[in-house]
Amino acid sequence: MLEYSRWKYLVILLVLVLSVFYAIPNAFPQDPAVQVTANRGAKVDAAMQQRVEAALKKASVPFKSSAIEKDGNLMLRTADDDAQSRAAEVMRAELGGGYVVALNQASTLPGWMQALGAKSMSLGLDLRGGVYFLMQVDREAALAKRFEATAEDTRVLLRDNQIRYTSVEPASGNSVVASLSPGQDISKVRPLLARDMPTYQINSTDDSITIRIPDAELEKMLTDAVQQNIGTLSNRINELGVAEPIIQRQGADRIAVQLPGVQDTAQAKRILGATATLEYRGVIEGNAIEARDTGNVPPEARIYYRKELGPDGKPLPILLNKRIITSGEQLQSASSFFDSQSGTPAVSVRLNSIGGQRMFEYSSAHVGKSMAVVYIERVPEVRIVDGKEVRSNRTSEQVISVATIQSTLGKDFQTTGLESMKEGADLALLLRAGALAAPMDFVDERTIGPSLGKENIERGLTAVAFSFIFALLFFLVYYRMFGLITCLALLINLLMVFALMSLLGATMSLPGLAGIALTVGMSVDANVLINERIREELRMGLPPQKAIAEGYDRASGTILDANVTAFLAGLAMAAFGTGPLRGFGITTMLGIATSAYTAVSVSRGIATLIYGGRKKLKSVAI
Amino acid sequence: MKPFNLFPYDSNIDFMRMRWVSLTVALLLMVVALGAMGARGFNFSLDFTGGVGVELRYAKAPDVDKVREQLEAANFNGAQVQNFGAGNDLLVRLQADGKQEGGADKASSIGDAVAKAASLAGNPAEKRSSSVISAQVGKDLALKGIYAVLFVIIGFLGYISLRFEKKFAVAAIITTMHDVLICVGWFALSGHEFDLNVLAGILSVMGFSINDTIVVFDRVRENFRGMRADPVTILNKSVNQTLSRTVITSFVAFLSMLSLYIYGGDSLRGMAEAMIIGIIIGTLSSIFVACPLLTMGLLKVSKQDLLPKARDEEALARRP
Numbered sequence: 001m002l003e004y005s006r007w008k009y010l011v012i013l014l015v016l017v018l019s020v021f022y023a024i025p026n027a028f029p030q031d032p033a034v035q036v037t038a039n040r041g042a043k044v045d046a047a048m049q050q051r052v053e054a055a056l057k058k059a060s061v062p063f064k065s066s067a068i069e070k071d072g073n074l075m076l077r078t079a080d081d082d083a084q085s086r087a088a089e090v091m092r093a094e095l096g097g098g099y100v101v102a103l104n105q106a107s108t109l110p111g112w113m114q115a116l117g118a119k120s121m122s123l124g125l126d127l128r129g130g131v132y133f134l135m136q137v138d139r140e141a142a143l144a145k146r147f148e149a150t151a152e153d154t155r156v157l158l159r160d161n162q163i164r165y166t167s168v169e170p171a172s173g174n175s176v177v178a179s180l181s182p183g184q185d186i187s188k189v190r191p192l193l194a195r196d197m198p199t200y201q202i203n204s205t206d207d208s209i210t211i212r213i214p215d216a217e218l219e220k221m222l223t224d225a226v227q228q229n230i231g232t233l234s235n236r237i238n239e240l241g242v243a244e245p246i247i248q249r250q251g252a253d254r255i256a257v258q259l260p261g262v263q264d265t266a267q268a269k270r271i272l273g274a275t276a277t278l279e280y281r282g283v284i285e286g287n288a289i290e291a292r293d294t295g296n297v298p299p300e301a302r303i304y305y306r307k308e309l310g311p312d313g314k315p316l317p318i319l320l321n322k323r324i325i326t327s328g329e330q331l332q333s334a335s336s337f338f339d340s341q342s343g344t345p346a347v348s349v350r351l352n353s354i355g356g357q358r359m360f361e362y363s364s365a366h367v368g369k370s371m372a373v374v375y376i377e378r379v380p381e382v383r384i385v386d387g388k389e390v391r392s393n394r395t396s397e398q399v400i401s402v403a404t405i406q407s408t409l410g411k412d413f414q415t416t417g418l419e420s421m422k423e424g425a426d427l428a429l430l431l432r433a434g435a436l437a438a439p440m441d442f443v444d445e446r447t448i449g450p451s452l453g454k455e456n457i458e459r460g461l462t463a464v465a466f467s468f469i470f471a472l473l474f475f476l477v478y479y480r481m482f483g484l485i486t487c488l489a490l491l492i493n494l495l496m497v498f499a500l501m502s503l504l505g506a507t508m509s510l511p512g513l514a515g516i517a518l519t520v521g522m523s524v525d526a527n528v529l530i531n532e533r534i535r536e537e538l539r540m541g542l543p544p545q546k547a548i549a550e551g552y553d554r555a556s557g558t559i560l561d562a563n564v565t566a567f568l569a570g571l572a573m574a575a576f577g578t579g580p581l582r583g584f585g586i587t588t589m590l591g592i593a594t595s596a597y598t599a600v601s602v603s604r605g606i607a608t609l610i611y612g613g614r615k616k617l618k619s620v621a622i
Numbered sequence: 001m002k003p004f005n006l007f008p009y010d011s012n013i014d015f016m017r018m019r020w021v022s023l024t025v026a027l028l029l030m031v032v033a034l035g036a037m038g039a040r041g042f043n044f045s046l047d048f049t050g051g052v053g054v055e056l057r058y059a060k061a062p063d064v065d066k067v068r069e070q071l072e073a074a075n076f077n078g079a080q081v082q083n084f085g086a087g088n089d090l091l092v093r094l095q096a097d098g099k100q101e102g103g104a105d106k107a108s109s110i111g112d113a114v115a116k117a118a119s120l121a122g123n124p125a126e127k128r129s130s131s132v133i134s135a136q137v138g139k140d141l142a143l144k145g146i147y148a149v150l151f152v153i154i155g156f157l158g159y160i161s162l163r164f165e166k167k168f169a170v171a172a173i174i175t176t177m178h179d180v181l182i183c184v185g186w187f188a189l190s191g192h193e194f195d196l197n198v199l200a201g202i203l204s205v206m207g208f209s210i211n212d213t214i215v216v217f218d219r220v221r222e223n224f225r226g227m228r229a230d231p232v233t234i235l236n237k238s239v240n241q242t243l244s245r246t247v248i249t250s251f252v253a254f255l256s257m258l259s260l261y262i263y264g265g266d267s268l269r270g271m272a273e274a275m276i277i278g279i280i281i282g283t284l285s286s287i288f289v290a291c292p293l294l295t296m297g298l299l300k301v302s303k304q305d306l307l308p309k310a311r312d313e314e315a316l317a318r319r320p
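One line per chain: the protein sequences are A and B, in this order. Okay, so the first sequence: first residue is 1 according to UniProt numbering, each after it adds one. Okay, so the second sequence: first residue is 1 according to UniProt numbering, each after it adds one.
Heads up, a few of these hints could be off.
Stated by the list, open to error - Derived lysine-lysine pairs resembling BS3-like cross-links, with alpha carbons at most 27 Å apart:
#1 369(A) / 411(A)
#2 411(A) / 322(A)
#3 144(B) / 220(A)
#4 454(A) / 66(B)
#5 454(A) / 60(B)
#6 369(A) / 307(A)
#7 119(A) / 70(A)
#8 43(A) / 64(A)
#9 454(A) / 127(B)
#10 300(B) / 167(B)
#11 70(A) / 145(A)
#12 546(A) / 144(B)
#13 64(A) / 454(A)
Said to hold, decoys possible - Listed below are several chain B residues computed to face chain A (Cβ distance under 7 Å; list not exhaustive):
#14 214
#15 215
#16 249
Unchecked claim - Facing chain B, a subset of chain A residues (Cβ under 7 Å, in silico):
#17 466
#18 467
#19 470
#20 472
#21 517
#22 525
#23 532
#24 561
#25 566
#26 574
#27 576
None of these hints come from the bench; they were simulated from the model. Remember, it's a predicted structure, so these values are computed and weren't measured experimentally. Built from N, CA and C at the ideal position, the CB exists for glycine as well.
Construct the complete structure from the given sequences, taking the supplied hints into account.
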């Protein structure tokens, strides 16, 4: 009479097992940990690990364990937050600038569970504390840079074609105006410009030419710049060693950066705000080590240092020409690939026309000689001196690649002879990510303490717990046996939401917790619909088992309609919202989906288990 | 054993009789809400307006609640106080008038004033830095909000038209918008702070409201198909039949939002407030607005509207 197919029970069982499995990681506490990542030129190895451990023992800072993880970083676990911050201090002092020491949370989940994709929910800024930055691209400066570059390209073009000019300057109205010297043939210039800058609008009068850059092109340039900046920022944040950073584009020209778990604003700002660039310089032959030791440097050369270490454990020196061939300003793109001709990994670089021209001139005169890529970083430093903030810049220069010029190079050229594909990819990444494509300003910064997070979690959980207890008590009193079934369904629903959120790697935030409280409300609705329907059918005189089946069937349609519409509202929030809106939307959607399933399927399964077997059921406790 | 019941079986309240009254009240509420929005505007939080952020350092860990009280007393209304760093540091964020013009100097002088006001007895606050912070959400939010509302309207319209009928879809959307409007109007009228969480609360009111309306409409559809009676009787019957469900669901949802309001802390209070109002209005509107709309003018439903097949057969029968 009242039946429920066996496979549906199997599905319920499976869902239940999976939900428990994927919800469990949230019950495992995370260890406060300190993570060490190597900067360029430094290495995380056993020797360094021993050094750190010895330093910690000397400073009598207790720690639970230290291990070099699969990703090549050192993870040092501590027992509490206090030990964590003390350990980080000791380690920073011991390791110095070669390493990035960052606070982190280490999972204590057994390896086999992690292998199956189980992880705990990541906690948002409001629950865990951390730093929030909002950065905005300086539109004006970015555009000005572009106009200046166009003007420079034009100057070079005119010079190369022996056309004299009095000035080439950016002018108002998204344009560059070139004024020619008297007696120059303007009709010769137009086709030249049209060839080199085909998408630009070119208008000429008797003695001047106006080059207008179309708005669409400028917009595209800004969009690309923001995109490239996001790439640059994420590379830099990786250097910080932050777990689960969030880097989002906001609107046309803003980037939001959230670094959960980071408390040191100065360090975060230093890395995010750093500007880096590249220079290509010719290598001067000679004994660099001798030059370094004696101070006897050839007049046209300067000593630079490579990232590789020499036999004496110091970076290898190299003599480079004082004159720059071309710099990162002129770099348009870079990508790594495998060069089948030389059989080695390579990096392909594209320069703009000025850079290409200079590269051509230099390389055609120096085939067979070496050329070096120098990576230059300007790192702003914030120190507190006498209670005042002092900002200064430190510049670091490092030779990241030395290659032989095989043939004349132009705008597009390749650097071959790299050791591995990884090195190639890293170099391309550095080349691309080195500089911010457009200058950025910090428009907002917030630091949220972890203590606030603890308070928030407690409050949020208390709220969810109370809303849950209210609902459960009400149902037990009001619907009796079916109240119990409803309660079970609600609990399973909550478990499913937690499991799904963890599995999807969704970030749990305070509004997310509120979303879960709302989920309880939604889930209640579906169950109430079913229970009221069963009561109604009973009142109409249907036998109990028939009434139960009928109640579930009839309510299912209503639940579907009501939930699909509510789901759409959640989808709108998730799709168009950012920050808390988005988190809230996602939780609501998940909650609606799981509550529909638990109410319609799971609770029916339980009801059938209880009432289905009896031959002569007289009454139902509802 | 007789079930425990909040409502008598076969309640038969004539909701439709007062439909003109209830619709007029709904309309008035909407006018008041719109008027409040126009006349008073919103007390937008820092999320929307930006302001000044001041970092304070104390000699020993300060009592955050005490600092809040003191700032309130010194007329720094709506200042947000958070601790960060080692626990001796506080971040105070507040709205400041004319922050755009004054720039850094203004931020600095505000910072000094805040440090003075926030100093506790025997535990003075020292200003470490103060800076102008911009709004978290820019103009793009308005545009996104419009997209979201359009998405929801088109989505509802499509789904409800498909599963029910166009008139139901329009009535449901009007009801939902009515609820959202009143909810938003409440925040304009009361002058309570409007932040991103409140916005999330108001958007989810939309989900709750449509949910409630659809449940009633679902019964209306069922009854239209199965009962022989005039539309007004059917609508009345449907509301009465779903009344106990409506009240129980809303009651429990209300309780869960109440717990959020009481125990959720400052940051969730606004959201819970929005939802509590939304739940009350949403419940009432599904009874007093949504169903009455189905008896009015262009939205007047008839049995034929819900029996598309029967209509086709009729059309076929009329053919020679």
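Hinted contact residue 215(B) with chain A - closest CB pair below 7 Å: OK, holds: residue 215(B) within 7 Å of chain A, min 5 Å.
Status of the residue 517(A) interface restraint (C-beta, 7 Å, chain B): With Cβ-Cβ at 5 Å, under 7 Å, it holds.
Hint status (Cβ of residue 472(A) to nearest Cβ of chain B, threshold 7 Å): 10 Å, violated
27 Å limit on alpha-carbon distance, applied to hinted pair residue 369(A) and residue 411(A): 19 Å, holds
Distance restraint between residue 144(B) and residue 220(A), which requires alpha-carbon spacing of 27 Å or less: 21 Å, holds
Hint check, residue 576(A) versus chain B [nearest Cβ-Cβ separation less than 7 Å]: This interface hint holds because 4 Å falls under the 7 Å limit.
Given hint residue 454(A) paired with residue 64(A) - CA-CA distance at most 27 Å: Cα-Cα ~23 Å, so holds.
Minimum beta-carbon distance criterion (7 Å), residue 467(A) to chain B: 3 Å, holds
Satisfaction of hint between residue 145(A) and residue 70(A), Cα-Cα up to 27 Å: Roughly 43 Å between the alpha carbons, so the hint for residue 70(A) and residue 145(A) is violated.
Hint consistency between residue 300(B) and residue 167(B) [alpha-carbon to alpha-carbon, up to 27 Å]: 8 Å, holds
Residue hint residue 470(A), partner chain B, criterion CB-CB below 7 Å: 4 Å, holds
Proposed proximity, residue 66(B) with residue 454(A) (alpha carbon, max 27 Å): Roughly 19 Å between the alpha carbons, so the hint for residue 454(A) and residue 66(B) holds.
Hints 11, 12, 20, 26 from the list above are not met by this structure, while the remaining hints are.
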